[in-house]
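Undergrad: Protein chains in written order, with the working numbering: chain A, 1 to 214; chain B, 1 to 352.
Think of the hints as simulated: they come from the structure by calculation, not from any bench.
Where is the CB? At the ideal position from N, CA and C, for every residue including glycine.
Among these hints, one or two may not hold up.
[Claimed, not checked] What follows is a list of derived Cβ distance ranges for each label pair:
1. P56(B) with I181(A): 24 to 34 Å
2. M69(B) with E25(A): 22 to 32 Å
3. S189(B) with L107(A): 23 to 33 Å
4. E99(B) with I77(A): 47 to 57 Å
5. K185(B) with K113(A): 19 to 29 Å
6. E223(B) with N110(A): 24 to 34 Å
7. E25(A) with K204(B): 16 to 26 Å
8. C6(A) with I324(B): 11 to 21 Å
9. K114(A) with A178(B): 32 to 42 Å
10. K114(A) with E187(B): 15 to 25 Å
11. D65(B) with L107(A): 22 to 32 Å
12. I8(A) with D326(B): 22 to 32 Å
13. E99(B) with K114(A): 38 to 48 Å
[Unchecked claim] Just a sample of chain B residues kept apart from chain A, beta carbon distances all over 12 Å, derived:
14. S98
15. Y318
16. M343
17. V347
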Amino acid sequence: MLCEKCGIREATVHYTEVVNGVKKEHYLCAQCAREEGLIPGLAGISGEDNPFVRFLSGLLGGTEKQADESSDKDSQITCPNCGMTFGEFTKIGKFGCPECYRTFGPLIENEFKKFQADSHHIGKKYGKSIENQQIEALLGKDETSLPRQKTDDGAGAEDAGEKTQADEAKPAADAGETPSIAEMEKQKEEAVKREDYMEAARLRDAIRKAREQE
Amino acid sequence: MSEAWFEKKICDTGCIISSKCRLARNIDGYNFSPKLDEESARRMIDKTVEQIRRDPKLGGSRFYDFRNMNLTQKQEMQEQHSISNYLVGQKEAAGFISEDRSVSLMVNEEDHIRIQTFSAGAHLDAAFEEANRLDDELGRILPYVYSDKYGYLTTCLSSTGTGMRASYFLHLPVLALAGQIESVKTEISRFNVALKPVTGEGRKSPADVYQITNTMTLGVREEDVISSLQKITAQIVAQEQAYEKQYFTQQRDHAIDAVWRCYATLKYARMLSYSDALVMLSQIRLGLNAGIIRPAADTDGSIYALMIRIQPASLQTYFGKEMIGDELEKARALYLRTNLPDMVDAVSAQKQ
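Build the full structure now, drawing on both the sequences and the hints.
TA: Next up, the structure:
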């Protein structure tokens with residue numbers, strides 16, 4: 001059965017409306033039902049009902065309509081990977097790809113702080129972060145081929161020299177007190193956090209060497 | 001098939017029907033849902049499913065693929081909380097569900113991966129532990145997108161960070177009767193939790209079943225979110241219990257009469273709308289908890305399971321035919337006449 005409102009999509013939501021004692025059956029698709037506020041569970045979590053989205057729309061001039069206006073400079077900022085514009089992002093409150101976080105993240109730092117506890121993650125950790133992958137990509141040692149890295153080619157070439165410097169720095173580190181692998185891992189994480197990728201790369205190589213010697 | 005989590009008797013005990021935890025994760029190498037075309041989504045689904053199937057630790061679950069399912073089958077799963085509303089709206093999707101339907105893994109939801117666990121009764125820690133265990137295993141075989149700064153990168157920025165929504169399903173019949181739900185909502189919003197209706201078809205819950213959920217995911221620890229949710233829920237439960245006590249003291253005759261009238265209608269009606277049936281089942285659940293009625297004999301299943309199974313797709317599957325309108329209402333009434341356990345007076349029994 002097709003949705004009675006749009007007549008295009010399959011009706012997936014069925015509800016009964018009682019007006020003045022007269023019952024009426026309705027069959028709507030998920031999207032129209034959502035627009036009518038009939039799908040419990042989604043309101044307040046995603047889409048236009050999300051206060052976060054309403055707030056973001058306000059960032060670009062107060063209303064969602066204004067957010068669409070191409071005259072606004074910020075709304076034209078575009079994710080180099082998926083092509084999502086900041087205007088589009090503020091309207092739907094959804095990212096198009098991981099690269100969007102790098103593109104739009106700095107623009108919504110304050111909003112993150114207002115709607116979330118902070119703009120920095122303190123919960124469960126996961127092995128390989130995109131920041132770590134970025135270092136590997138810059139050093140040309142990344143084995144994974146990620147779509148976002150297509151824009152990093154230039155930077156990768158520039159950093160070839162840094163890699164040599166990092167390699168040179170390595171014996172110096174080895175010559176002094178040799179910290180444990182765990183310590184170096186910790187230092188590497190800290191280096192990544194402060195975006196000191198040179199130091200992080202040096203530590204990574206030192207860790208690798210230490211592991212080989214074990 | 002083994003007993004579903006929502007059939008467990010503990011779902012009928014006290015205000016807390018169940019505990020739920022969901023984790024949102026995305027896989028490296030693919031755009032997120034707003035920019036993921038159908039072809040890429042299919043590739044992502046096939047590859048992910050293949051990797052999961054190869055992992056012996058993740059085996060033992062039922063696999064489904066939307067390519068082999070009709071709309072009623074998808075809706076039935078959604079009605080039983082096995083998959084989300086969002087997933088039902090997806091053209092391409094697949095996933096895994098445990099036999100008791102307490103663990104669900106959805107592929108190609110708003111995020112590439114949604115891990116969802118249910119636990120009957122007040123066992124949020126157990127639901128979280130199960131989701132976390134599954135997440136550890138999946139994270140080992142799938143390359144999640146994770147940032148040191150933002151945590152787990154999710155499609156919606158309201159999930160960024162932990163990607164976790166922890167919740168309880170609460171039955172709050174007397175708070176609802178007293179018109180207190182809105183004030184509870186306002187009160188708890190200060191603590192970054194939200195209350196929303198679960199059953200029913202709109203903004204209100206005819207069954208008085210509400211879901212309380214955390215709203216923050218970034219800059220918070222999972223354990224702290226859960227602990228805070230437990231404390232706030234305990235407050236709401238205490239309020240409901242206080243209201244129930246007052247209701248069954250001050251309006252005792254009316255309260256008892258309401259339970260029995262609802263029982264009578266459920267046992268004898270020939271047609272029942274979904275929302276009417278929910279209103280009455282809510283009274284039955286309240287009557288059981290308040291010691292007004294009790295089952296005449298030991299029975300399987302829970303009242304909450306009846307609330308789930310009287311939805312359109314579940315009824316159509318049960319009776320094995322497509323139904324709408326009056327036919328569906330007749331089927332619902334028949335289902336309830338047959339499956340609602342016989343109840344006896346628990347008040348007189350206490351006095352004797």
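Undergrad: At the C-beta level, are M69(B) and E25(A) separated by a distance inside 22 to 32 Å?
TA: 24 Å, holds
Undergrad: Is the Cβ of M343(B) farther than 12 Å from every Cβ of chain A?
TA: Label holds. Min Cβ-Cβ 27 Å, cutoff 12 Å.
Undergrad: At the C-beta level, are K114(A) and A178(B) separated by a distance inside 32 to 42 Å?
TA: 33 Å, holds
Undergrad: So V347(B) supposedly isn't at the interface. Is its beta-carbon more than 12 Å from every beta-carbon in chain A?
TA: Non-interface label on V347(B) holds, nearest chain A Cβ at 33 Å vs cutoff 12 Å.
Undergrad: Mind verifying the non-interface call on Y318(B)? Its CB should be farther than 12 Å from each CB in chain A.
TA: 16 Å, holds
Undergrad: A range of 22 to 32 Å was offered for this pair. Does it hold for the Cβ distance of I8(A) and D326(B)?
TA: 27 Å, holds
Undergrad: Would you say the C-beta atoms of S189(B) and L107(A) sit inside 23 to 33 Å of each other?
TA: 26 Å, holds
Undergrad: Is the gap between the beta carbons of C6(A) and I324(B) within 11 to 21 Å?
TA: For I324(B) against C6(A), whose Cβ atoms are near 19 Å apart, the range 11 to 21 Å holds.
Undergrad: Using the Cβ atoms, figure out if E99(B) sits within 38 to 48 Å of K114(A).
TA: 43 Å, holds
Undergrad: Kindly confirm whether 16 to 26 Å is satisfied by the beta carbon distance between E25(A) and K204(B).
TA: 19 Å, holds
Undergrad: Within 19 to 29 Å or not, the Cβ separation of K185(B) and K113(A)?
TA: 24 Å, holds
Undergrad: Could you say whether the range 22 to 32 Å given as a hint is met by the Cβ separation of D65(B) and L107(A)?
TA: Hint violated: Cβ distance 39 Å, outside 22 to 32 Å.
Of the numbered hints given earlier, the model fails hint 11 alone.
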